[in-house]
Amino acid sequence: MRYIWRLWCKGVFPSREALYEAINKWALPRNYAFVVGRSRKDPANGRCTVTYACDRGCKPPDPSDKRKRKTSTRGTECPFSIIAKEARDSSWQLKHRDPKYHQHNHEPSLHPLAHPAHRKMAAQEKACISQLATSRIHPKEIQIYLREQGIPNLTIRQDIQNRIAETRREICEGQSAIHALINQLEEESFWSRIRFDDKGRVMSVLFAHPQSLEYLQAYPDVLLLDCTYNTNKFNMPLLDMVGVDACQRTFCIAFAFLSGETEDDYYWVLDRLKSMYETIHVRLPAVILTDRCLACINAATQVFPISASLLCLWHANKAVLSHCLPIFAAQERLLSKLSSRQPTDEKQSFRWKEFYSCWHNIINSPTEAAFNKRVKAFEAKYIDSHIEEVAYVKEIWLEPYKEKLVKAWVDQYAHFGNVATSRVEGIHSIIKDYIGTSQLDLFEVWRQIKNAILNQLLELTHHQSYQQTQMPLEISGNLYSIVRGWVSLEAIRKVEEQRKLIDAENSPLSRPCTGRFTASYGLPCVHRVKALIDAKLPLALDEFHTHWRYKREGQPIHLIEPQRLERYRKEGSRVPISSTQREKCAFEATEPRRKQLSKCTACGVIGHTRVSRLCPQRYEYLKAESLNAEPERDSSPTDEALLELQLLQATTSTAGVRDSHQPRDSPEAIYQAYVENRQKWYSGQPGSRGKTDRAYRKASNLPTYSKTDYQWCENWKQMGQFCKSEKRPRKWTKEEKTAYLDWSKKEDERVEAAVALEFAKNPRGRRGIGHIYDIIAEDDREQEALFEASRGRI
Numbered sequence: 009m010r011y012i013w014r015l016w017c018k019g020v021f022p023s024r025e026a027l028y029e030a031i032n033k034w035a036l037p038r039n040y041a042f043v044v045g046r047s048r049k050d051p052a053n054g055r056c057t058v059t060y061a062c063d064r065g066c067k068p069p070d071p072s073d074k075r076k077r078k079t080s081t082r083g084t085e086c087p088f089s090i091i092a093k094e095a096r097d098s099s100w101q102l103k104h105r106d107p108k109y110h111q112h113n114h115e116p117s118l119h120p121l122a123h124p125a126h127r128k129m130a131a132q133e134k135a136c137i138s139q140l141a142t143s144r145i146h147p148k149e150i151q152i153y154l155r156e157q158g159i160p161n162l163t164i165r166q167d168i169q170n171r172i173a174e175t176r177r178e179i180c181e182g183q184s185a186i187h188a189l190i191n192q193l194e195e196e197s198f199w200s201r202i203r204f205d206d207k208g209r210v211m212s213v214l215f216a217h218p219q220s221l222e223y224l225q226a227y228p229d230v231l232l233l234d235c236t237y238n239t240n241k242f243n244m245p246l247l248d249m250v251g252v253d254a255c256q257r258t259f260c261i262a263f264a265f266l267s268g269e270t271e272d273d274y275y276w277v278l279d280r281l282k283s284m285y286e287t288i289h290v291r292l293p294a295v296i297l298t299d300r301c302l303a304c305i306n307a308a309t310q311v312f313p314i315s316a317s318l319l320c321l322w323h324a325n326k327a328v329l330s331h332c333l334p335i336f337a338a339q340e341r342l343l344s345k346l347s348s349r350q351p352t353d354e355k356q357s358f359r360w361k362e363f364y365s366c367w368h369n370i371i372n373s374p375t376e377a378a379f380n381k382r383v384k385a386f387e388a389k390y391i392d393s394h395i396e397e398v399a400y401v402k403e404i405w406l407e408p409y410k411e412k413l414v415k416a417w418v419d420q421y422a423h424f425g426n427v428a429t430s431r432v433e434g435i436h437s438i439i440k441d442y443i444g445t446s447q448l449d450l451f452e453v454w455r456q457i458k459n460a461i462l463n464q465l466l467e468l469t470h471h472q473s474y475q476q477t478q479m480p481l482e483i484s485g486n487l488y489s490i491v492r493g494w495v496s497l498e499a500i501r502k503v504e505e506q507r508k509l510i511d512a513e514n515s516p517l518s519r520p521c522t523g524r525f526t527a528s529y530g531l532p533c534v535h536r537v538k539a540l541i542d543a544k545l546p547l548a549l550d551e552f553h554t555h556w557r558y559k560r561e562g563q564p565i566h567l568i569e570p571q572r573l574e575r576y577r578k579e580g581s582r583v584p585i586s587s588t589q590r591e592k593c594a595f596e597a598t599e600p601r602r603k604q605l606s607k608c609t610a611c612g613v614i615g616h617t618r619v620s621r622l623c624p625q626r627y628e629y630l631k632a633e634s635l636n637a638e639p640e641r642d643s644s645p646t647d648e649a650l651l652e653l654q655l656l657q658a659t660t661s662t663a664g665v666r667d668s669h670q671p672r673d674s675p676e677a678i679y680q681a682y683v684e685n686r687q688k689w690y691s692g693q694p695g696s697r698g699k700t701d702r703a704y705r706k707a708s709n710l711p712t713y714s715k716t717d718y719q720w721c722e723n724w725k726q727m728g729q730f731c732k733s734e735k736r737p738r739k740w741t742k743e744e745k746t747a748y749l750d751w752s753k754k755e756d757e758r759v760e761a762a763v764a765l766e767f768a769k770n771p772r773g774r775r776g777i778g779h780i781y782d783i784i785a786e787d788d789r790e791q792e793a794l795f796e797a798s799r800g801r802i
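Just add 8 to wherever you are in the sequence shown, counting from 1, and you've got the numbering used here.
These aren't lab readings, by the way, just hints derived from the structure by calculation.
It cannot be assumed that every hint is accurate.
Claimed, not checked - Each computed BS3-like pair below joins lysine-lysine, with the alpha-carbon atoms no more than 27 angstroms apart:
id, residue 1, residue 2
1, Lys134, Lys148
2, Lys134, Lys49
3, Lys415, Lys389
4, Lys93, Lys74
5, Lys769, Lys706
6, Lys415, Lys544
7, Lys384, Lys326
8, Lys742, Lys754
9, Lys415, Lys361
10, Lys93, Lys33
11, Lys508, Lys538
12, Lys282, Lys361
13, Lys688, Lys592
14, Lys134, Lys108
15, Lys410, Lys381
16, Lys502, Lys544
17, Lys458, Lys508
18, Lys769, Lys739
19, Lys769, Lys699
20, Lys410, Lys326
What the hints assert, rightly or not - Cβ-Cβ distance ranges computed for the label pairs, FRET-style:
id, residue 1, residue 2, range
21, Arg501, Asn372, 16 to 24 angstroms
22, Phe730, Lys607, 51 to 59 angstroms
23, Leu343, Met211, 51 to 59 angstroms
24, Leu343, Ile541, 50 to 58 angstroms
25, Lys706, Val613, 48 to 56 angstroms
26, Thr287, Pro124, 46 to 54 angstroms
27, Asp205, Lys33, 16 to 24 angstroms
28, Leu794, Lys607, 36 to 44 angstroms
29, Lys607, Gly728, 17 to 25 angstroms
C-beta atoms are modelled at their ideal positions from N, C-alpha and C, and glycine is treated no differently.
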């Protein structure tokens, strides 16, 4: 069957890429696709001619050929094709070929996704997939991301996986994975060492990030070692070497891919690690913590002879539990059958708890004598019923490794509380989360480890910088004044625990200091803290091991607060401690100072006040008020009478002042003028209604004022808080304050207008401050004269 297309219209395109995109865009809805069939360049003019054929135009392979894989083919030898020719101006012209090339020999596909030409990624899409793949995003999640971002594509998951593989090849830059690893280690300044065998095969790879070395220079005292597995397709164990910083956070020192776990492998790694310490001029670790891997223990002892080699206490506890618990459980089940009772839970067995508690007591022995005593008690208790368990504990753990496990020996070394390798187990988990699969080559595993290290160092730096600015509320006082911000909060909390032991019931102060706490933690013990408190001295930075100090430059300034002197207090003194009053002198106590008698402000007599009953003029102000008050009327007051009464009450406060000689800018004179102006406005209004202060202000276009304006009036530079012109001081009324604000606003406008007029006439008329003061004084005299003239006093 022949499938004939409606032929593509001829046309001219600006470039070859535009032509190819246009013809495939036309073919997509018809479920066909174009690919480059062949191309040739004219040797005479150098222009190209390209034949675009159907993507199924290839010849299928001969089925008789033997193939390694069972596969299929899309080729049908479809003859359909068109020709594109390059013109002199670099444009491209599309032409048809002979009619025999106008037909397909196959039916259209069911969907455009069947054609790889339509699934070809754009440059933007390729870059996006490469970036996401570098961050270890899974292909299905990348596919979802592309769809949600609205990127138009027909990309399937296999295309994304192909792009990821292509990205990895681009990162390798055409090299093998191991060559790319070695080159990248050198380019990115990693400290690295490679071990080869006689044939040139890579046996071990050791590497350390340059920023990890900077952290190691600050905290080299603790080294934890442990191997993890299933991290790469070569099944090489990955040795993690980690340290602990001042905030008790774990940081990665170095990593190593090993060909095995023999003593020779560990010796090679640790020997190179020691050379790294020496290269960066760092002191060797004080403590090396491992599990019970004999090859690692022996190698560490040989390479670091001066470092204390300790065993992980967590591994020892789990080993005793896994070996001894099943025997106790079996005996418990046997006893249950003999006694016909229900067996108890293995972990809740009292006999097992008691045995396990004895093991922990032995491990926590504070001294060698206590250790020997507890071991003898343990043997006497369980030698008859559990001889195999006792033999296991002694022969496997206590006899060969008591110096690496028991507190009496372990606390002689500066381990800073690190007696287990659980930190390394946490690093194992983090690294495997980044790797995601055990089928990566060493180069890919290294890239993911690098990402994990960079994120870890960022978090560590943030934690230290954040903690350095914080101080717990429960930890304060002069004791930590110098070291605050220089040592970690974990160290300060440890010292605070020692301080609290001073007042504990069974305080260690009753016993002599053994020095174990300071030796193992590098911190002052309870005895030292008590001595500093008694001497009223703060903790110095030298009291803290360098392990507990923040990774920062400089040294704290050693400033000590003045020593508090004892305050002299006489017997029977009634002066409070917080008072600033001094104690009385001897002559003051013998000849007490007599209090000066008060003087009455009404009658002027010394010995009483104006409100005292002894004052003859105590109630004279009532007589003055009765004289100024109007007599009562028999009939009910009219509206006009009420208005007159309001005006009278408003002016009584200044009634006694009107006749006095007040300056023009006094609040009393200003209010008097305000009342007189309002009364004139009242007189000019018909009737009695509407004669209110609010109506007067509205008619006169006077402003309203805020609470802040009224507070400004009470300033001592303006009105003050009290009216003192009467017999009794009183607070200013709101109406008086309003009148003062009106006058102040009007006065400011008058002065500004006068200054503007003066500057308009003669801008350079003023000469210095003295001249300005003269102008102000002259203006004040003029205004005072006008005020006196308005009052008829001139």
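Falls inside 50 to 58 angstroms, the C-beta gap from Leu343 to Ile541? About 56 angstroms separates the Cβ atoms of Leu343 and Ile541, which means 50 to 58 angstroms holds.
request  = Mind checking the hinted window 51 to 59 angstroms against the Cβ distance between Leu343 and Met211?
outcome  = At roughly 55 angstroms between Cβ atoms, Met211 and Leu343 fall inside 51 to 59 angstroms, so the hint holds.
Q: For Thr287 and Pro124, compare the CB-CB distance with the range 46 to 54 angstroms and indicate the outcome.
A: holds (53 angstroms)
Pair hint Lys769 and Lys739, alpha-carbon separation not exceeding 27 angstroms
Roughly 45 angstroms between the alpha carbons, so the hint for Lys769 and Lys739 is violated.
query: Does Lys458 pair with Lys508 here, judged by a C-alpha cut-off of 27 angstroms?
result: violated (44 angstroms)
*Within 27 angstroms, alpha carbon to alpha carbon, are Lys415 and Lys544?*
violated (33 angstroms)
Worksheet item: Would the pair Lys282 and Lys361 pass a check requiring their Cα atoms to be no farther apart than 27 angstroms?
Response: The given pair, whose Cα atoms are some 43 angstroms apart, is violated under the 27 angstroms limit.
Given the proposed pairing of Lys688 with Lys592, does the C-alpha separation stay at or below 27 angstroms?
Violated, at roughly 66 angstroms.
(message) For the hint 17 to 25 angstroms, verify it against the beta carbon of Lys607 and that of Gly728.
(response) holds (23 angstroms)
Do the alpha carbons of Lys384 and Lys326 lie within 27 angstroms of each other, as the hint requires?
Between Lys384 and Lys326 the Cα gap is close to 23 angstroms, so the pair holds against 27 angstroms.
Worksheet entry | 27 angstroms limit on alpha-carbon distance, applied to hinted pair Lys742 and Lys754 | holds (18 angstroms)
**Prompt:** If you draw a straight line from the CA of Lys134 to the CA of Lys148, is it 27 angstroms or shorter?
**Reply:** OK: Lys134 and Lys148 at ~15 angstroms, within 27 angstroms.
Hint compliance for this structure: hints 2, 4, 5, 6, 12, 13, 14, 17, 18, 19, 22, 27 are broken, all remaining hints hold.
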